[in-house]
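Got chain A; can you put chain B on it based on the hints?
Quick note, the sequences are listed as chains A and B, same order.
Position one of the first sequence corresponds to residue 1 (UniProt numbering), numbered consecutively onward.
Position one of the second sequence corresponds to residue 1 (UniProt numbering), numbered consecutively onward.
Same chains, same names: a pair is fine if it fits in one copy or spans any two.
As a list, the in silico BS3-like pairs of lysine-lysine whose alpha-carbon atoms are at most 30 Å apart:
| id | residue 1 | residue 2 |
| --- | --- | --- |
| 1 | 50 | 355 |
| 2 | 81 | 316 |
| 3 | 74 | 323 |
| 4 | 325 | 160 |
| 5 | 3 | 74 |
| 6 | 81 | 50 |
| 7 | 316 | 74 |
| 8 | 316 | 355 |
| 9 | 355 | 160 |
| 10 | 74 | 355 |
Hints were generated in silico from the structure; no laboratory data involved.
There are 2 protein chains.
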Amino acid sequence: MLKFNIQKKMDGKLGRVGTLETPHGIIETPAFVTVGTKATVKALTPEQVKDLGAQVVLANTYHLYLQPGDEILKKAGGLHKFMNWSGPTMTDSGGFQAFSLGAAFGDNVSKIASGESVVSHCGSENGGTDSSCALAKIDEDGVVFRSHIDGSEHRFTPEKSIQIQHNIGADMIFAFDECTSPQASYEYQKEAMGRTHRWAKRSLDEHKKLNTDRKISLLGIVQGGRFEDLRKESAKVISEMDFDGFGIGGSFSKEDMYTAVGWVNEILPEDKPRHLLGIGEPADLFGGIENGIDLFDCVAPTRMGRNGTLHTSGGKINILNAKFKDDFSPIEEGCGCYACQNYTKAYIAHLFRAKEMQAGTLASIHNLYFIINLVKKIRQSILNENFEEFKAEFLERYYGNSL
Amino acid sequence: MLKFNIQKKMDGKLGRVGTLETPHGIIETPAFVTVGTKATVKALTPEQVKDLGAQVVLANTYHLYLQPGDEILKKAGGLHKFMNWSGPTMTDSGGFQAFSLGAAFGDNVSKIASGESVVSHCGSENGGTDSSCALAKIDEDGVVFRSHIDGSEHRFTPEKSIQIQHNIGADMIFAFDECTSPQASYEYQKEAMGRTHRWAKRSLDEHKKLNTDRKISLLGIVQGGRFEDLRKESAKVISEMDFDGFGIGGSFSKEDMYTAVGWVNEILPEDKPRHLLGIGEPADLFGGIENGIDLFDCVAPTRMGRNGTLHTSGGKINILNAKFKDDFSPIEEGCGCYACQNYTKAYIAHLFRAKEMQAGTLASIHNLYFIINLVKKIRQSILNENFEEFKAEFLERYYGNSL
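So here's chain A without its partners, still in its complex pose (with noise of 0.2 Å):
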């Protein structure tokens, strides 16, 4: 089970400093939470990610179901044990991968049956290599999806998708939800809500059934897409359930992310954790953890490293520019990771042109370590009381005129 103490709350907002306990250790909060959705961080060894500075790992439950299959997770002895990270571990609830990995129904037209919503969900922002679109066949029950790998057909349920994710076995687990686009209408945030909500009891009842040894935690899931009386709706409803903490479903354009995750925080209990999904661009990073964020993921630090795309805190760069080639200076300065502690940028991009694979390594272990360590000074700027003057003095240098 979970046990989150708050350290120091900010004067006039949301934001809080605080610790989680978990079975496999404890992490400091707010905290950036490294993706690892097969099992492996990408290109990285355990140690490696822990030598970065990460405290948690989120495995995908969509991508451990169809490969290897969760009951080869289980045969192994948990998450833990198979990817060999001896730290907390979270694994997401399956449903964003269904609905935007899952393939459609021959030609992205689906079968409509009665009573059944067909939604299109567009791009696949966490771990997918198709970015067309993709359709799921969602019912009162759950949804139908094929498999990205060989087209195969699977359902997942509240229910399923809760038994999977207790096969894998990481500290903290997810409702099972349907996650909407964006562009959703009104009517349709409304009613893919409602769905959420009975998706949301129906995994508080299957975790409870299956966590006789109270080992794993779960989290309910608040949706509503960018409309405040929806988000409202949500968080309320949510929270009155028995959850060890929620997760905020990033259904809203950037503009609207940060009001509507103040929406859901002034009424989200303060003593449990919030988490806020799929969320790692460094402005976003400040916006959430005022507005009452404590736990955030993205596969971005590791995919856009693994593009060549590397943080600064001047902003990003490409080491892949021409002026790298002969550069035998670091990616930053000062930086503190084992990347720029050993390399030079002419090396790292002779990596990248030479098409090895510690590159890729290289660049993950700064952008990480870059993404962490942003969190974990906004964390101390908190605790310092100097949070405004940070994030004013940060954005200004890494956004420049572009913010």
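Then chain B, alone, in the frame of chain A:
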């Protein structure tokens, strides 16, 4: 400069145990040299390379000359600093790759001017992506080849190879030689050998000119194919030149190898180290060592590893075999490598199926550890005077009835 010290000789055989002092540390010989083609051991950090027991890394002149360019390595402060490897290093001469990877002059037909030789070399044992036959234009001065990256035309001469290798700045470098096909006729081998001898002299002259601080050691290469008189003549001619050690070119069939190595090592001066180029199969390590070889290099352990083929004391296994999907034992019980100490076959098989980069990392660690430690065990067996027993026992278990 090198200091080679022989600790113990085998009774009635050419094999010996020694130490080789380089400006970057001592190598206990015989030793397996880890290949880091493009100034990186594929999929591994230098710390991982060191932790698995590697003593020395060999980079490829052809690859580094084309990308990022040897001038970049020179500006970076040399290979050690560029790739963050503080131990001993070597580079090959670039000749093998220029012949085998350098693209043909259009449709595999070369323009033959009077007095030029045209040789076809097949396969790409040493780092290439293209296994088709390639043509290179060889004349007395050197070899003209096309880059496998962009098709641009380049010329390597003995002088050029030594200049590039000095820019790269490894501890041990090789004379520029012509690596012939094992299938080449006696006449061609003889002609190529003569050229290799003249190129050896030119390599040595250029090296002496550049090696003013005497930090870099030059190894001459013995050729001569599978022919006893040529091998012996080449060993005699090369050993009379002022090299710091010797390489033996791998231009013979497997069956002839130990015999040919024996012919050569009977003649080469005892007090200088001998490197058998491009050899790394377990049986060949025994055969080479008892015939007087001190150093081996080969891409096989890492390349095989990335393809899912893993060494065990009972022979090679393919981790993608279905039976390993739920095998929660390590690759090899009792193996001390990082992969076996921390992961199961089921997990590694999952990483391969999921096309995760850590698959290559863990497989490379295991295979390199296996081969490097096999050579260390052979070394110890010579010190313990039980080489024959160890060899018989190992080969019986590894190859079973297949030898």
